[in-house]
Amino acid sequence: MSILDHVAKFGKNVPIKRKLLFIVLATTNAALLLASLAVIVFDRQSAKATMQQEINVLARVIAHRSTAALTFGDSQLASENLETLSEKPSIVAACIYAENDLLFAEYINQSGKSQSCNKDSQIYQKGFHGDYYIDQHEIKLDQIDIGRIVIKASLSDINERLLRYISVVIVIFIGASILAFILAIKLQRLLTQPIEELSEASRAISKGRGYAVRVKQTTNDEVGELVAAFNMMLSGIEERDAALVIAKDNLEEIVKERTKALREAQSELVRSERMATLGQLTATVSHELRNPLGTIRTSVFTLSNRIKDRDQKLKKNIERIERNIIRCDNIITELLDYSRIRALQHEKTNLSAWITNILGDIKIPDSISIKLDLDDNIDIEIDRDLLRRVIINVVDNAYQAIDESPGEIDDKTIIIKCGLINSRTEIIVIDTGMGISDDVLPHIFEPLYSTKGFGVGLGLPVVKHIMEQHGGGVEVTTEKGVGTRVVLWLPSSLNFGNQIAS
Amino acid sequence: MLIKKHHIDREYQSRRRLENSSVIGKVLLLLFCVCFFYDVYADAESDAQALEYKVKAAYLYNFTKFIKWPNNAFSSESNSTLNICIAGDDPFGDAINLLKNKTAKGHQVNVIYLDKVTSDSNCHVLFISRSLTNNVDNILQEVASKNVLTVSEIEGFAMKGGCIRLLVMNGKVRFNINIKAAQKAELKMSAKLLELAKVVIE
Numbered sequence: 001m002s003i004l005d006h007v008a009k010f011g012k013n014v015p016i017k018r019k020l021l022f023i024v025l026a027t028t029n030a031a032l033l034l035a036s037l038a039v040i041v042f043d044r045q046s047a048k049a050t051m052q053q054e055i056n057v058l059a060r061v062i063a064h065r066s067t068a069a070l071t072f073g074d075s076q077l078a079s080e081n082l083e084t085l086s087e088k089p090s091i092v093a094a095c096i097y098a099e100n101d102l103l104f105a106e107y108i109n110q111s112g113k114s115q116s117c118n119k120d121s122q123i124y125q126k127g128f129h130g131d132y133y134i135d136q137h138e139i140k141l142d143q144i145d146i147g148r149i150v151i152k153a154s155l156s157d158i159n160e161r162l163l164r165y166i167s168v169v170i171v172i173f174i175g176a177s178i179l180a181f182i183l184a185i186k187l188q189r190l191l192t193q194p195i196e197e198l199s200e201a202s203r204a205i206s207k208g209r210g211y212a213v214r215v216k217q218t219t220n221d222e223v224g225e226l227v228a229a230f231n232m233m234l235s236g237i238e239e240r241d242a243a244l245v246i247a248k249d250n251l252e253e254i255v256k257e258r259t260k261a262l263r264e265a266q267s268e269l270v271r272s273e274r275m276a277t278l279g280q281l282t283a284t285v286s287h288e289l290r291n292p293l294g295t296i297r298t299s300v301f302t303l304s305n306r307i308k309d310r311d312q313k314l315k316k317n318i319e320r321i322e323r324n325i326i327r328c329d330n331i332i333t334e335l336l337d338y339s340r341i342r343a344l345q346h347e348k349t350n351l352s353a354w355i356t357n358i359l360g361d362i363k364i365p366d367s368i369s370i371k372l373d374l375d376d377n378i379d380i381e382i383d384r385d386l387l388r389r390v391i392i393n394v395v396d397n398a399y400q401a402i403d404e405s406p407g408e409i410d411d412k413t414i415i416i417k418c419g420l421i422n423s424r425t426e427i428i429v430i431d432t433g434m435g436i437s438d439d440v441l442p443h444i445f446e447p448l449y450s451t452k453g454f455g456v457g458l459g460l461p462v463v464k465h466i467m468e469q470h471g472g473g474v475e476v477t478t479e480k481g482v483g484t485r486v487v488l489w490l491p492s493s494l495n496f497g498n499q500i501a502s
Numbered sequence: 001m002l003i004k005k006h007h008i009d010r011e012y013q014s015r016r017r018l019e020n021s022s023v024i025g026k027v028l029l030l031l032f033c034v035c036f037f038y039d040v041y042a043d044a045e046s047d048a049q050a051l052e053y054k055v056k057a058a059y060l061y062n063f064t065k066f067i068k069w070p071n072n073a074f075s076s077e078s079n080s081t082l083n084i085c086i087a088g089d090d091p092f093g094d095a096i097n098l099l100k101n102k103t104a105k106g107h108q109v110n111v112i113y114l115d116k117v118t119s120d121s122n123c124h125v126l127f128i129s130r131s132l133t134n135n136v137d138n139i140l141q142e143v144a145s146k147n148v149l150t151v152s153e154i155e156g157f158a159m160k161g162g163c164i165r166l167l168v169m170n171g172k173v174r175f176n177i178n179i180k181a182a183q184k185a186e187l188k189m190s191a192k193l194l195e196l197a198k199v200v201i202e
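Chains as they are written, first to last, in the numbering used here: chain L, 1 to 502; chain U, 1 to 202.
A portion of the hints provided could be inaccurate.
[As the list claims (entries may be wrong)] One-sided and incomplete, this derived list gives chain U residues near chain L with beta-carbon spacing under 8 Å:
{"no.": "1", "residue": "N62"}
{"no.": "2", "residue": "F66"}
{"no.": "3", "residue": "K68"}
{"no.": "4", "residue": "L98"}
{"no.": "5", "residue": "K188"}
{"no.": "6", "residue": "S190"}
{"no.": "7", "residue": "K198"}
{"no.": "8", "residue": "V199"}
{"no.": "9", "residue": "E202"}
[What the hints assert, rightly or not] Result set (DMTMM-like, lysine to aspartate or glutamate): computed pairs, CA atoms no more than 20 Å apart in a straight line:
{"no.": "10", "chain 1": "U", "residue 1": "K68", "chain 2": "L", "residue 2": "D142"}
{"no.": "11", "chain 1": "L", "residue 1": "K363", "chain 2": "L", "residue 2": "D329"}
{"no.": "12", "chain 1": "U", "residue 1": "K100", "chain 2": "L", "residue 2": "D142"}
Everything labelled a hint here was simulated from the structure, so no lab data went into it. Where a beta carbon is used, it is the ideal one built from N, C-alpha and C, also for glycine.
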């Protein structure tokens, strides 16, 4: 693992601000350190070289000046010559040796009493020895060596210079670091502020404050692009959110509709089940009733034949019996009709001919006029048996509405129409009867609901059931005292041939 | 090397008897003996005088190194010599032998003994012995127009117009210099030499 990896690991949880600061300081200090080291090393080398050169020049000068002194054995003069080196405090000792390394003259710096030109009775070799530099130079007269000069110089000046340099470098280091620190703090905002705003915005969003926040884009660099992308992303999320809300609302409506449909279907199921049970019951009961009723009818018939016109009073009673037997029979028929609900058996039928035929079977008093307005061109597939029941029930209701209305009705008319209206086949029965009251109207299709003095209240429920079986329906509109209009409609899908065109 | 040591010991002993000087001075004298005499001095006398003259002989030679003669002082011949003349009684004896075989200023050193100094004497260095004390003025007169470095032990020699007077101080051989005399002889003396002189007469 390299140092950089370590740094990266260390910086995992450090905010970007401090990372940036660290980078700036590390870079600055590293560069400064390198530069300072280079300067120090270079300076030290050049100082050493300069010193070497200086000492060498001095050695040459003294050597040259001391030739006569050495030749004529004047060590005092030689010492005086060496004494001139006291001008240079870094020189701690200097010696002139005659041939065979015999000490001829010596100079010791006042501050370096314990100095000497030799160490362990060996004269120093030329070069650097620890804290000292030793220079040696031959003393020549007419190309003949007559001795040599040895100068010992302390490096303390250079070392002090090094220490001074190091302390200056430290001061510069501290100063530069402080400056870099301040500058970095001031300038890093350029970089970190948008990033901080970004992270603040995302934090706000994650706390659930919605996607309406936007970060202000101040630059066009990579961070600026990031901010723009972030804002765009927020807009995208917002749009999608809105779409989701709409979808959610729609879903609720759909669910509501479906639930309603389901509920209807369920109640329809319950109703039809009830019908089925009722059907079975009525079938059994009607059947069981019809036989005794037949016997009663036969007996009454025999009885009335016997009596003939002998007893008028009795005859009236018998007639009442007969009337009630018929009523009972009607009720039983009604019940049986209802119980006889079954799968449709479609037959191709011409609607107008078929309706006319049915009307012929219905006994309607002469006081009620019937007006027909039938479209002859409708051929349709229907279960004739069942739909016949529907027509009979509706027309029966119509004439009863007229017949049983309180007070005189001037216009006693039943209008029967059939035709293609609104792309469906309609059979319309209009009467001029008393109409249906508002409190009754909602219940007219409920089984066993009847306002008539007789009947079991299965007429209209049967009508509705059969129409729905055909895929059609019943629509009733009424006005109190004016009349009732019943529309029996069948879907056009039951039509066949090209008659639809008309 | 053995021979050298032998010399040193002998010289050292003789020196002690000769002078009552500092150890350094003795050492230095010893040193110079070693420097200049070791190869020729085979049979040294134990006489202190002998040592003194050995040193003085060496001085005669060494002076040439710090003095510049005018170009015409030497003949143009390739084998021209630098003549060191000894006038009067020879105080050097064998000590002078160390000068023979040496070269100075690129010339072979030639030692010439003179009974009488004339203007014809071809000398570059003229040592005037004590024996000629009374004739000094004449001799100086004779060589006045010549480029001759006059050296002598005679008291007041420099004052009288001689170039260098040799003397012994604190057991060391020292000298006085008369610059004017040297200048008259058209000799240029090195400042280093003047530094060493005890007295400089201008």
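Hints and how they fare:
1. Taken as an interface hint, U:N62 checks out: its beta carbon lies about 5 Å from the nearest beta carbon of chain L, inside 8 Å.
2. Evaluation of the U:F66 hint against chain L yields a held restraint, the C-beta minimum of about 6 Å falling below 8 Å.
3. At about 13 Å, the closest approach between the beta carbon of U:K68 and any beta carbon in chain L exceeds 8 Å, and the interface hint on this residue is violated.
4. Proximity of U:L98 to chain L is violated relative to the hint, the smallest CB-CB distance being about 15 Å (cut-off 8 Å).
5. Proximity of U:K188 to chain L is violated relative to the hint, the smallest CB-CB distance being about 14 Å (cut-off 8 Å).
6. Given hint, U:S190 at the interface with chain L, holds; its Cβ is 7 Å from that chain's nearest Cβ, closer than 8 Å.
7. Interface hint at U:K198: violated, since its Cβ lies 10 Å from the closest Cβ of chain L, which is beyond the 8 Å cut-off.
8. Restraint check, U:V199 versus chain L: the minimum CB separation of about 14 Å is more than 8 Å; hint violated.
9. The closest approach between the C-beta of U:E202 and any C-beta of chain L is roughly 19 Å, which is over the 8 Å cut-off, so the hint fails.
10. With a C-alpha separation of about 13 Å, the suggested pair U:K68 and L:D142 falls inside the 20 Å cut-off, and the hint holds.
11. The suggested pairing of L:K363 with L:D329 holds, with an alpha-carbon distance near 16 Å, which does not exceed 20 Å.
12. Between U:K100 and L:D142, the direct Cα distance comes to roughly 17 Å. Compliance with the 20 Å bound is thereby established for this hinted pair.
In summary, the structure is inconsistent with hints 3, 4, 5, 7, 8 and 9 from the numbered list given earlier, while agreeing with the others.
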